[in-house]
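Dock chain B against chain A, hints included.
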Amino acid sequence: AQKITQTQPGMFVQEKEAVTLDCTYDTSDPSYGLFWYKQPSSGEMIFLIYQGSYDQQNATEGRYSLNFQKARKSANLVISASQLGDSAMYFCAMREDNAGNMLTFGGGTRLMVKP
Amino acid sequence: DVKVTQSSRYLVKRTGEKVFLECVQDMDHENMFWYRQDPGLGLRLIYFSYDVKMKEKGDIPEGYSVSREKKERFSLILESASTNQTSMYLCASSPVSDRPNKETQYFGPGTRLLVL
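Line by line, the protein sequences are chains A and B.
Take the first sequence: its letter number 67 is residue 67 in the working numbering, and every next letter is one higher.
Quick note: to get the working numbering, add 1000 to the position in the second sequence (first position is 1).
Hints were generated in silico from the structure; no laboratory data involved.
Please note that the accuracy of each hint is not assured.
No more than 27 Å apart at the CA atoms, straight line, and that leaves these computed lysine-lysine pairs for DSSO-like [unchecked claim]: (1) B/1070 / B/1018; (2) B/1055 / A/3; (3) B/1013 / B/1057; (4) B/1057 / A/3; (5) B/1071 / B/1057; (6) B/1071 / B/1053.
Chain A extracted, bound-state conformation (with noise of 0.2 Å):
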């Protein structure tokens, strides 16, 4: 079974509009933490967003957060006030306590802002 499932493989979104990239996760640890990495054409991964599977609130960073849903299994990845430089590939991943240092990432969204 996919521990990282990512269903919009693409998503149109107007410049400055907000817009909720999917992610859910599967796993039976109970720690573990949640990232979402950015994949912009010239390929470099960029870290975003961390959510920790204890922490009590959900994440953010600027015009990023993370709605994480634990009892679903759900971190979506939001993105407020879209900006064309927002474009790029966008990936949720899990590292689970008991598997270490690796990560698990899902098949990734494509998003594409719409000036």
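Structure of chain B alone, referenced to chain A:
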């Protein structure tokens, strides 16, 4: 700033050739990783290393080997390249942390390999 560099951004090789992809990090990280990225499949772990001369298989090690002779350098080797190894290859590193599940990995710019 952490810097992870990869020896080539683009590489074209022929079937059967031996291919070396080099990765260097400058932050004294213990852990290093090689992934391949294919459309719709995200990143899949090929091999990782948690110390010099140590290596562990990831999810898709077949057809690949690795070498880590120095802490800062982690090489991915395709012993006999095949067309199904055409892909984007990403290297990453991370430090050992007392909260390992919080520590992000730092990625290189990637190498786009085409095997003809």
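Against the structure, the hints come out as follows:
1. B/1070 / B/1018: holds, 21 Å
2. B/1055 / A/3: Given that 27 Å is the threshold and the Cα spacing comes to 23 Å, the pair holds.
3. B/1013 / B/1057: Within the cut-off at roughly 24 Å; holds.
4. B/1057 / A/3: Cα-Cα ~18 Å, so holds.
5. B/1071 / B/1057: holds, 18 Å
6. B/1071 / B/1053: holds, 9 Å
Of the numbered hints given earlier, the model fails none.
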